[in-house]
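Chains as they are written, first to last, in the working numbering: chain A, 1 to 231; chain B, 232 to 442.
Each statement offered as a hint is correct.
Dumping the calculated SDA-like pairs for lysine to any residue here, alpha-carbon to alpha-carbon at most 25 angstroms: (1) B/298 to A/136; (2) B/278 to A/131; (3) B/317 to B/260.
Bear in mind the hints are in silico, worked out from the structure with no lab data behind them.
Here are the chains, one letter per residue:
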Amino acid sequence: MPPTRKVLACATVMEELQPWLPAGIACQVLDFGLHVNPPALKAALQAAIDAAAADEIILGYGLCSMAVIGLRANGCTLIVPRVDDCISIFLGSGDEYRRQARSEPGTYYLTKGWIEVGDTPFREYDRLAGQYGPERAERLIRLALKHYTRLALIHTGPGDMAPYRAYARSLAERWGLRFAELAGSDALVRKMIFGPWDDDFVVIPPGGTILYQHFFPADGRESTDPKGLAA
Amino acid sequence: MSEQLINAIAEMDEEGALALTRELLAAGTAPTAILDACRSAMEVVGKRFECGEYFIPELILAGEMLKGISAEVKPYLAAGQADVKKLGKVVIGTVKGDIHDIGKDIVVFMLDVNGFEVYDLGIDVPPQVFVNKIQETRAPIVALSGFLTLSFDSMKQTVEAIRAAGLRDKVKIMVGGGTVDEQVCRYAGADAFGPDAMAAVILAKGWIGVN
Numbered sequence: 001m002p003p004t005r006k007v008l009a010c011a012t013v014m015e016e017l018q019p020w021l022p023a024g025i026a027c028q029v030l031d032f033g034l035h036v037n038p039p040a041l042k043a044a045l046q047a048a049i050d051a052a053a054a055d056e057i058i059l060g061y062g063l064c065s066m067a068v069i070g071l072r073a074n075g076c077t078l079i080v081p082r083v084d085d086c087i088s089i090f091l092g093s094g095d096e097y098r099r100q101a102r103s104e105p106g107t108y109y110l111t112k113g114w115i116e117v118g119d120t121p122f123r124e125y126d127r128l129a130g131q132y133g134p135e136r137a138e139r140l141i142r143l144a145l146k147h148y149t150r151l152a153l154i155h156t157g158p159g160d161m162a163p164y165r166a167y168a169r170s171l172a173e174r175w176g177l178r179f180a181e182l183a184g185s186d187a188l189v190r191k192m193i194f195g196p197w198d199d200d201f202v203v204i205p206p207g208g209t210i211l212y213q214h215f216f217p218a219d220g221r222e223s224t225d226p227k228g229l230a231a
Numbered sequence: 232m233s234e235q236l237i238n239a240i241a242e243m244d245e246e247g248a249l250a251l252t253r254e255l256l257a258a259g260t261a262p263t264a265i266l267d268a269c270r271s272a273m274e275v276v277g278k279r280f281e282c283g284e285y286f287i288p289e290l291i292l293a294g295e296m297l298k299g300i301s302a303e304v305k306p307y308l309a310a311g312q313a314d315v316k317k318l319g320k321v322v323i324g325t326v327k328g329d330i331h332d333i334g335k336d337i338v339v340f341m342l343d344v345n346g347f348e349v350y351d352l353g354i355d356v357p358p359q360v361f362v363n364k365i366q367e368t369r370a371p372i373v374a375l376s377g378f379l380t381l382s383f384d385s386m387k388q389t390v391e392a393i394r395a396a397g398l399r400d401k402v403k404i405m406v407g408g409g410t411v412d413e414q415v416c417r418y419a420g421a422d423a424f425g426p427d428a429m430a431a432v433i434l435a436k437g438w439i440g441v442n
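Work out the full structure, taking the sequences as your base and the hints as a guide.
See below:
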């Protein structure tokens, strides 16, 4: 009998996985908002893993502010892309994310998934304006974005980008950022589902635990930045 | 009235917090009592952030309030210490590839008001810029900040650049920010990590041998 599989993914990543998922594969979407609270994300992931009843669990996450470190593969094999976060997944590799981060660290990334489910500093404005008034809200958002120079919309998956482009462009104009579009890649997304789970992945056998060293080996040979692109 | 200042900061009342600081100082309140109130208020803000009541913008506004209060308090701090002698020099910055500085700025504030001479290199700082500043100032303490996990490799590369420049045994290096922990500290080859701004002050004081 082939191993049973389940995908546990953040809502933004599931949006990209969806078009590729084989019929009948078990899936669970976790709340996108968890990413700002790594301990809560870790707890939610562990609970979902323990309740999954599958032989292989593919995590639609990256290191995600260390939230996946310490997750236990209780009765299953855990597979997680060896990347910092979902931006690498959308761009197709950790290397490409590092290239972007190096060339323009002050980039605010958006994808259609983020626009659909995400709350951004832009939407924060409404909350802040309601709480502290429009003037302070304006000041707060501008402070939050003071080191940002570019808003980059990543093109992922099939589908009409026009409405997302219009939205992202209007946000960039509203907050004084340069608008840019980046080509996304489904390379990592497809590999997550179809394999091979090679060095681009951390694969933890049943009973094992995801460790910091899996993402950042002490000798640096297989770190998430093997080519030192962050420098 | 310190209680009121704590509340003003915790409730994001920027104008109120500054006005109260001025009142307190004019009434002869010890500057250190005001800084203690700031520290308590930051703990409240931090807790509200952790439980999801506050978000990044509130942290930023709290940081801005600290800067404003710091500017008001400093002249009084200096007046209280006729012969102002700085404890020691610290070179600090957010490492290459990262632009987050809310936490770093709070550490700068805490080191500054605790008597350190702080050289803040800002954000996205290349390893060589750290090296140059250490050579120029002969600072014995270096603080590397980073929020993104992308920054861990930059921290490692910065420590390596300091070593390559022959300065590794002349400085103590601390790392901090975001999810930086003991493992990141070991990976980067730093001497210590701090989970919050006060930890940076305690580490720095320990390294130069003052209480």
